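Engineer: In the order they appear, the protein sequences are chains D, E and A. What the first sequence shows, in my numbering, is residues 1 to 346, in sequence order. What the second sequence shows, in my numbering, is residues 1 to 346, in sequence order. What the third sequence shows, in my numbering, is residues 1 to 346, in sequence order.
It is possible that part of the hints are untrue.
In this list, chains with the same sequence are indistinguishable; a pair is considered to hold if it fits within one copy or across any two.
Straight-line distance between alpha carbons at most 30 Å, and here's what the computed DSBU-like set of lysine-lysine pairs gives [unchecked claim]:
id : residue 1 : residue 2
1  : K90       : K325
2  : K325      : K68
3  : K35       : K325
4  : K68       : K199
5  : K24       : K325
6  : K325      : K199
7  : K90       : K35
8  : K199      : K24
Since the hints were derived computationally from the structure, they do not count as laboratory data. All values reported here derive from a predicted model rather than from experimental measurement.
Residues per chain, in single letters:
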Amino acid sequence: MDYSVDQLVALLQPRAVRGNFFGKIRGIASLEQAKEGDLSFLDNPRYVAHVANSQASVLLLPESYDGKPQPNAAHLIVANPSLALGQLCKEVERERSRPAVAGIHPTALVDATASVHATASIGPYCVVEADVLIAAHAVVLAHCTVGPRCRVGESSLLHPKVCLYQDTEIGAGCIIHGGAVIGCDGYGYATTENGMHHKLAHIGRVVLEDGVEVGANCTIDRARFAETRIGAGTKIDNLVQIGHNVMVGKSCLIVAQVGIAGSTRLGDGVVLAGQVGVAGHISIGAGSQVAAQGGVASNLPPNSIVRGTPAMPLALANRYFVLRKRIPELFRRVENLEREMASDGH
Amino acid sequence: MDYSVDQLVALLQPRAVRGNFFGKIRGIASLEQAKEGDLSFLDNPRYVAHVANSQASVLLLPESYDGKPQPNAAHLIVANPSLALGQLCKEVERERSRPAVAGIHPTALVDATASVHATASIGPYCVVEADVLIAAHAVVLAHCTVGPRCRVGESSLLHPKVCLYQDTEIGAGCIIHGGAVIGCDGYGYATTENGMHHKLAHIGRVVLEDGVEVGANCTIDRARFAETRIGAGTKIDNLVQIGHNVMVGKSCLIVAQVGIAGSTRLGDGVVLAGQVGVAGHISIGAGSQVAAQGGVASNLPPNSIVRGTPAMPLALANRYFVLRKRIPELFRRVENLEREMASDGH
Amino acid sequence: MDYSVDQLVALLQPRAVRGNFFGKIRGIASLEQAKEGDLSFLDNPRYVAHVANSQASVLLLPESYDGKPQPNAAHLIVANPSLALGQLCKEVERERSRPAVAGIHPTALVDATASVHATASIGPYCVVEADVLIAAHAVVLAHCTVGPRCRVGESSLLHPKVCLYQDTEIGAGCIIHGGAVIGCDGYGYATTENGMHHKLAHIGRVVLEDGVEVGANCTIDRARFAETRIGAGTKIDNLVQIGHNVMVGKSCLIVAQVGIAGSTRLGDGVVLAGQVGVAGHISIGAGSQVAAQGGVASNLPPNSIVRGTPAMPLALANRYFVLRKRIPELFRRVENLEREMASDGH
Numbered sequence: 001m002d003y004s005v006d007q008l009v010a011l012l013q014p015r016a017v018r019g020n021f022f023g024k025i026r027g028i029a030s031l032e033q034a035k036e037g038d039l040s041f042l043d044n045p046r047y048v049a050h051v052a053n054s055q056a057s058v059l060l061l062p063e064s065y066d067g068k069p070q071p072n073a074a075h076l077i078v079a080n081p082s083l084a085l086g087q088l089c090k091e092v093e094r095e096r097s098r099p100a101v102a103g104i105h106p107t108a109l110v111d112a113t114a115s116v117h118a119t120a121s122i123g124p125y126c127v128v129e130a131d132v133l134i135a136a137h138a139v140v141l142a143h144c145t146v147g148p149r150c151r152v153g154e155s156s157l158l159h160p161k162v163c164l165y166q167d168t169e170i171g172a173g174c175i176i177h178g179g180a181v182i183g184c185d186g187y188g189y190a191t192t193e194n195g196m197h198h199k200l201a202h203i204g205r206v207v208l209e210d211g212v213e214v215g216a217n218c219t220i221d222r223a224r225f226a227e228t229r230i231g232a233g234t235k236i237d238n239l240v241q242i243g244h245n246v247m248v249g250k251s252c253l254i255v256a257q258v259g260i261a262g263s264t265r266l267g268d269g270v271v272l273a274g275q276v277g278v279a280g281h282i283s284i285g286a287g288s289q290v291a292a293q294g295g296v297a298s299n300l301p302p303n304s305i306v307r308g309t310p311a312m313p314l315a316l317a318n319r320y321f322v323l324r325k326r327i328p329e330l331f332r333r334v335e336n337l338e339r340e341m342a343s344d345g346h
Numbered sequence: 001m002d003y004s005v006d007q008l009v010a011l012l013q014p015r016a017v018r019g020n021f022f023g024k025i026r027g028i029a030s031l032e033q034a035k036e037g038d039l040s041f042l043d044n045p046r047y048v049a050h051v052a053n054s055q056a057s058v059l060l061l062p063e064s065y066d067g068k069p070q071p072n073a074a075h076l077i078v079a080n081p082s083l084a085l086g087q088l089c090k091e092v093e094r095e096r097s098r099p100a101v102a103g104i105h106p107t108a109l110v111d112a113t114a115s116v117h118a119t120a121s122i123g124p125y126c127v128v129e130a131d132v133l134i135a136a137h138a139v140v141l142a143h144c145t146v147g148p149r150c151r152v153g154e155s156s157l158l159h160p161k162v163c164l165y166q167d168t169e170i171g172a173g174c175i176i177h178g179g180a181v182i183g184c185d186g187y188g189y190a191t192t193e194n195g196m197h198h199k200l201a202h203i204g205r206v207v208l209e210d211g212v213e214v215g216a217n218c219t220i221d222r223a224r225f226a227e228t229r230i231g232a233g234t235k236i237d238n239l240v241q242i243g244h245n246v247m248v249g250k251s252c253l254i255v256a257q258v259g260i261a262g263s264t265r266l267g268d269g270v271v272l273a274g275q276v277g278v279a280g281h282i283s284i285g286a287g288s289q290v291a292a293q294g295g296v297a298s299n300l301p302p303n304s305i306v307r308g309t310p311a312m313p314l315a316l317a318n319r320y321f322v323l324r325k326r327i328p329e330l331f332r333r334v335e336n337l338e339r340e341m342a343s344d345g346h
Numbered sequence: 001m002d003y004s005v006d007q008l009v010a011l012l013q014p015r016a017v018r019g020n021f022f023g024k025i026r027g028i029a030s031l032e033q034a035k036e037g038d039l040s041f042l043d044n045p046r047y048v049a050h051v052a053n054s055q056a057s058v059l060l061l062p063e064s065y066d067g068k069p070q071p072n073a074a075h076l077i078v079a080n081p082s083l084a085l086g087q088l089c090k091e092v093e094r095e096r097s098r099p100a101v102a103g104i105h106p107t108a109l110v111d112a113t114a115s116v117h118a119t120a121s122i123g124p125y126c127v128v129e130a131d132v133l134i135a136a137h138a139v140v141l142a143h144c145t146v147g148p149r150c151r152v153g154e155s156s157l158l159h160p161k162v163c164l165y166q167d168t169e170i171g172a173g174c175i176i177h178g179g180a181v182i183g184c185d186g187y188g189y190a191t192t193e194n195g196m197h198h199k200l201a202h203i204g205r206v207v208l209e210d211g212v213e214v215g216a217n218c219t220i221d222r223a224r225f226a227e228t229r230i231g232a233g234t235k236i237d238n239l240v241q242i243g244h245n246v247m248v249g250k251s252c253l254i255v256a257q258v259g260i261a262g263s264t265r266l267g268d269g270v271v272l273a274g275q276v277g278v279a280g281h282i283s284i285g286a287g288s289q290v291a292a293q294g295g296v297a298s299n300l301p302p303n304s305i306v307r308g309t310p311a312m313p314l315a316l317a318n319r320y321f322v323l324r325k326r327i328p329e330l331f332r333r334v335e336n337l338e339r340e341m342a343s344d345g346h
């Protein structure tokens, strides 16, 4: 990263520029952490007081900023500092990344029956099995395994060491992070009277619709005989477990370390915060939100907002979590009442 | 999948066949989700009313079914629809899977001192280190690493990217899913007075007895100087963590994202539901069950059924989880009592 | 492992030796589990009664031991049995492990612009990308991927299948266990009014200071534009998730399956027990401890000791967890009071 103010102006097209800085911008930091040579930004009015004291050399500010200028910085006045920052980050990312080279790396092992589009890229030491389809502009990085009959959609990206079991279908524009395992056997056994667990065959598959992102080291089990399906645009964080036959709606957010047990359905736009657990065979209505570490054991109507385990409506949970700390006090108060009652001659 | 009714009859040997369907069965689905060309089944009397309205073209029904027939479907009357379905799934799985080719893939790196049975299969890009033993009919898929002195038992299957650290012993008939790491260093440090943590050497190992299944991306630490041991027939779901020196009994079920801290012992047939945590150095008696997200911090006698964190006996936990929602009400009732008491002249 | 008493004496330099054993020591076990041919030890005065009944053939005992001798064992009296045991384990480990061979394995793919020190070791099938620096005596085992511009410090060890995304910096003397993914994209999206989530570019990086250990299958996200940083000497157990921009202090202990959400800061010496969750954008003061399965949702001052979710001070949490079981009783007592009040004519 190495930008002059002129280059930033050309890139971000600010509405106005005030002050100047003649060096090069080498990093991005918060207002408080920025040092000389850094660019910073005001995206949250809470931090408006930090602008004038920031050590940053370039500041992205909204038109609404009416505080003191910072004498050693160039001020770029933009419609939306967050968007401008995002634009700059994207540019830095673009410059840093070398596009994947189309074609199959000589060390990749691609079955003769697999079909890899000429614009797709298969990285070193990948193993691509029979009857696989890899679509245009898809990128499969090092050490991935793509099982028999899998499909990887257009422009999808598999980071290193992704493991797709047989029949997995990845839509277009998906991103799968390192170490994710998709399509593995569902956890299903028939237990006989002697207590032994006999494995049930799982002949279904996992389908990721377009634009899904799956975090590092996630695990998604394939269905018993139909589909485990993740809806378009759903974003899954790291270390999430999704059981067999789960159906996740579109544009859901599933934060790190969530677990969803088998056959459960999530409507569109559901948000599960970190470490949430969801029981099997239930339904969570569209637009529902579950706070971190919550546990959902029964159906939720659409737009539910719940917290706690087992989950309660948010307001009740908040009230409970406050009163919970006063339970010792409540015991004492009841003891007092009992004592008073007794001294009353009861 | 592509079965005529005649082929299904030959495979499943039903006690009776009613109605007919002249096409081919292409999928399996629940009674409600089935479409023309699907096979469906009645395994739970709850769904008996769905039979007559199902769009399925073939129905597996128990002899006890006395509802209306579905006019467009062939009805196969079997002793146990679940078992018949399992048999069909197994057949589909068998047809789809190509048996692993015996022998060592030319890209696999096998140390000269390792012993690989002639009927075993070592996949592409595997690394098998010194003094390893791979038994008959074992299958080690792509990108696995098998550390020094490991043993993989007869007919065991390692999915891609399994990582066995040194001295790990896998019994016969085990299945290890993609990305599992077995035998890694236990989490043990000696902390000196200045707060620094010094790593303790772990010279023990992990032993998986026969018939164990380990889910994708699980981690099982080796013992400090003896064994971490998983009993025969125990089935472990994805993303489970098992600490050093843990001893798990036979035929346990350990569901996804469970964590078991070091030196804890589980008796036979223990069931830990999803996201359960178990403290270190405790003992959970045989046949015990812990409900999802529970936390067990002290010994449990055999056949305990507990819930919550810290765990309580199930009946108490259920009662508590109901009453918990009425805690705000209880505070109000105590306030009322106090007010009444006060107005009584106390 | 195969030590005579004479060899043990030479290695451990005990202050005194009593009794003798003329065979070879083949294993190490606890006092109760030891069999003939095993060495055992007394490191916890709780177990002093087990010494005389132990089947061990060699016993490491403290000078303070004044119980009965065990007639068939050699007794080695040492200043600190734990330290002596650690010394022995280290020796066993040293003997068993073959030092990594310096140099680049012929199957490793190392970019021409990467710089690998002559004493470093790059294992089979590794992929090392552009502008990487691998320092002296670093060891990178099989199937690792080291992304563009990463640095691996002196004497650090990457176990098999570690995945470093671009720009990750690993200090000196670090250990990264199998399957860990470091530097992956932070979980950050801009959600538009139609509910669609647009990925935010993450141009920051992950920095591990010296002496950090990262457990198997952990995931650590890189920062949006600055750093996710793990302080020197911090030890991270398996399956831990650390979000973007998190700053972890020095010498922290982060136990298995912990999740820390984005932008949170941990002071030095913080201990997070297993399955703890920490919310984003908060600060946990130095020396704080969070009990297993706890949830921290707001700032904690230094040296806090908390438990529960949301976390409470330990004493309050302990009191609450005891009283919680008596909530049904409390309801009954309040009902009784209400009945008595009513019968009093209220």
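Engineer: Now tell me, hint by hint, if it's right for this structure.
Structural biologist: Now the hints, each set against the structure:
no., hint, in the structure
1, K90 / K325, "neither (47 Å within a copy, 48 Å between copies)"
2, K325 / K68, "neither (45 Å within a copy, 51 Å between copies)"
3, K35 / K325, "neither (43 Å within a copy, 51 Å between copies)"
4, K68 / K199, "neither (69 Å within a copy, 33 Å between copies)"
5, K24 / K325, "neither (54 Å within a copy, 59 Å between copies)"
6, K325 / K199, "neither (46 Å within a copy, 39 Å between copies)"
7, K90 / K35, "within (22 Å within a copy, 46 Å between copies)"
8, K199 / K24, "between (62 Å within a copy, 27 Å between copies)"
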